[in-house]
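Could you put the whole structure together from the sequences, leaning on the hints where they help?
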Amino acid sequence: MNWTSFDLWIVAAGALCAVACALPGCFLVLRRMSMMGDAISHAVLPGLAAAFLITGSRTSLAMFVGAAAVGVLTAIFTEWISRFGNVDRGAAMGIVFTTLFAIGLLMIRRAAGRVDLDPGCVLYGAIELTPLDTLTIGPLDLPRVVVVMGVVLILNLAMVGLLFKELRLSAFDPGLSDTLGFSSRLLHYLLMTVVAVTTVAAFEAVGSIIVIAMLIVPAGAALLVTRRLVPMLLIACGVAAASSAIGHWLAVEVPSWFGAEATNSSGMMAVAAGLLFGVAWLFGPSEGVLTTWWRRRRGADVDHHRGPGPAVAERR
Amino acid sequence: MWWNRSSVPLLLALLTMPCAASEEGFDWTDVLFLRTHNTWVVVLSTAALGVAAGMVGSFLLLRKRSLMGDALSHATLPGIGIAFAVMSVAGGDAKCLPGLLLGATVSGVLGLLVMLGIGRTTRLRDDVAMGLVLSVFFGLGVAVLGMVQRLPDAAGLESFIYGKPASIVLADFHWIVSLAGIVTVVSVLLFKEFKLLCFDDGFASSQGWPVLVLDVLLLGMVTAVTVIGLQAVGLILIIAFLITPPAAARFWTDHLPTMALLSAVIGGISGWLGASISALTPDLPAGGVIVVVAAAVFLLSMFLAPARGVIGRWLRHARLRQKIGRQHLLRGAYEILEVDQSRSGAPDNHAFPRGELQGKRTWTPRELGRILRREARRGHIEELADGRLRLTEEGFGEAARITRNHRLWEMYLVTHADIAPSHVDRDADMVEHVLEADLVQRLEAALRKQGAWVPQPRSPHRI
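So the protein lines, in turn, are chains G and V. The numbers in our numbering rise by one with no breaks, and the one at position 46 of the first sequence is 46. The numbers in our numbering rise by one with no breaks, and the one at position 202 of the second sequence is 202.
Bear in mind the hints are in silico, worked out from the structure with no lab data behind them. Some hints here could point you the wrong way.
[What the hints assert, rightly or not] Stretch by stretch, here's where chain G covers chain V in the computed footprint (C-beta under 8 Å, at least three residues):
1) 281-288
2) 394-400
[Unchecked claim] With the Cβ distance kept under 7 Å, some of the chain V side facing chain G (calculated, not the full set):
3) T122
4) V136
5) F138
6) V142
7) G146
8) I243
9) T244
10) V291
11) L300
12) I311
13) H328
14) V414
15) T415
16) A417
17) I419
Beta carbons: idealized from backbone N, C-alpha and C, even for Gly.
And the structure:
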């Protein structure tokens, strides 16, 4: 295929979203909260609907604030239900997000006459259209999504950079983190806020499926390759960026095999991330399925004596 | 059974009237006309679905895998798209429901296998495996739908995501009800095995049960429920069917069969009520209403259920706190009397200043005042005119008994658990409030055997 600047902008937007999600995603995965991204991205629907019904406009800012607020509320409600009600956290999450999503659907349907909100649009986004909506900054004519996601990425980078040791501590040992004076609950809510803001910013642009995938899949792949946090973050970002490019290529190329036209890039970006995860799963240098099998077959289990490195995710 | 078909919807209409009546332009004839065959099909299938999902969901909840349903339901999307494309290319009826559901099942089972594979061959945890399968499969599904959307007749495939119960026809109804029935029957037949799997899978495998097979079977049933739920409530809201009713039922009981039954009932009722409300009201999609009804049941259960509900637990906690405060007060008073009389043997009851009691424990004056008032009401203690306090006859006896329990436990800990006498007060404090009469007797027996027995043991430490 011929890559035009159009394609490049799509890939750039996807990569920015993906990397912005992969950063907090690593901590979500380490904190066993991988499903939070999925929960938040479904739960924001009533926030979007309410923002629209209240302000009567589809300006991004109101929608953004409404959605992000509901996103944080999802985390808070989940926490409340699992703590006060003694409910398993996964179940609490499921109850909260399905209920919020249902309320959102009802709100949209009730106001169908006035609202031009398509739940499908929220979920899939329209990454293919990103290059059409541009902002002019100085001499540059950048797609709005690229600008927005660039800002979000910088914010996330800043958060991870500034709070690196606190986040690391509270991810691995919340108890110690609390005793040392870094409230792990506060950090939890901070992380949830970041996830909510990232989710909302990204899926207005590219659809929630990228967000859900990029929060989990790159971090999971990185975790299979390394046991150290900093390499994990770097690898996750690399996987995220790569899956954006591969995904777009797949979206253009694969349908032509079946004689169809190009398909949804964001879906394919998730698939590409899954493929990269599969590669890490099978060929990971120290614990890939095939690598281990091959090593065992050669009977040279040399690594056995080296022992595991500093455990990144040993606490099961 | 003519009455069955006509009286129940009337009841339903009455039940849902407040909701429906608040609608603008509400017309009773609408309700009358909706009482048709088709509404029945919809209502009954959602109810059957609720029963099956509630049943299977109980096991999922106890296995702490509630969100597996989430992952599995998302994983069905590519199958739907591919099945549609294949059937469309093959020239058949591209929207033939069994075909679509077969595709959904295949890709759901694939997702399930990937999930279990990740769990077994890597050190990633369940949540990562679920999130991964969910997002990658859903992404694939979106991409496939994107590819097939230009095929003729593709509109409406997306109704599988949000559900469209009104489109259920009689043929689907048979499918749904029989599959839901099979799932329910299988979970009843394998109840014992699933119970073991939920509570102790390690034990199950050590006893020779095929844990992996059971796991696959359980999740396979989840897939089945998800697939039949796709049309009724859509792939996002079927998750609520799998999670919310069991979680609500969990508040009412600690007994698994009761919980599964209750959860099935709650699921059935949510489906039934939700579908009827939505049928009686314009512009309310059934999937959403069903989930909101289930969530309302959950919230009610969470607060009101006596066994594990928030209010019940809070009340029990408050009652225990009161009891502990009362016992502390009486023991404090008794120990004051004991110190005064330590040289002359058994303490006798006399008045003592309030300040002394205040110094016995770290309680605020207000707290002490509150406990004092409560005890005065029970006739255990009285405040004299000069502001001093005195135990009543009854209170004195109660205080002696409480102090004795405390001392017995302390002695037991010192003689049997080798706890230093200077440390024993705190430890005894943690259990003495829940000592039952027969436990006290056993303590007495144990101490008597040790020769450490005295009618009212002295404190092993300085009071």
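May I ask you to test the interface hint for T244 of chain V with respect to chain G, counting a Cβ-Cβ separation under 7 Å as satisfied? Hint holds; T244 of chain V Cβ to chain G Cβ min 5 Å, cut 7 Å.
Hinted contact F138 of chain V with chain G - closest CB pair below 7 Å: Since chain G brings a Cβ to about 6 Å from F138 of chain V, closer than 7 Å, the hint holds.
Under the criterion of a CB-CB separation shorter than 7 Å, is V414 of chain V in contact with chain G as hinted? Violated. Min distance 32 Å.
Given I243 of chain V was flagged as interface, is its beta-carbon under 7 Å from a beta-carbon of chain G? holds, 4 Å
Should the interface hint for V142 of chain V be scored as holding, given a Cβ-Cβ cut-off of 7 Å against chain G? holds, 3 Å
Chain G contact restraint for A417 of chain V - C-beta distance below 7 Å: Nearest chain G Cβ about 27 Å off; hint violated.
Are 3 or more residues of the stretch 394-400 of chain V near chain G, judged by a Cβ distance of less than 8 Å? It is violated, with 0 qualifying residues against the three required.
A closest beta-carbon separation below 7 Å is what the hint needs, so does I419 of chain V meet it against chain G? Given a least distance of 26 Å, the restraint on I419 of chain V is violated.
Supplied contact hint for L300 of chain V, tested at 7 Å Cβ to chain G: violated, 12 Å
For the hint on V291 of chain V, does the least C-beta distance to chain G fall short of 7 Å? holds, 4 Å
Per-residue hint verdict: G146 of chain V, partner chain G, C-beta under 7 Å: Holds: closest Cβ of chain G sits about 4 Å from G146 of chain V, inside 7 Å.
For the hint on H328 of chain V, does the least C-beta distance to chain G fall short of 7 Å? violated, 27 Å
Going down the numbered hints, you'll see the structure goes against 2, 11, 12, 13, 14, 15, 16, 17, while the others check out.
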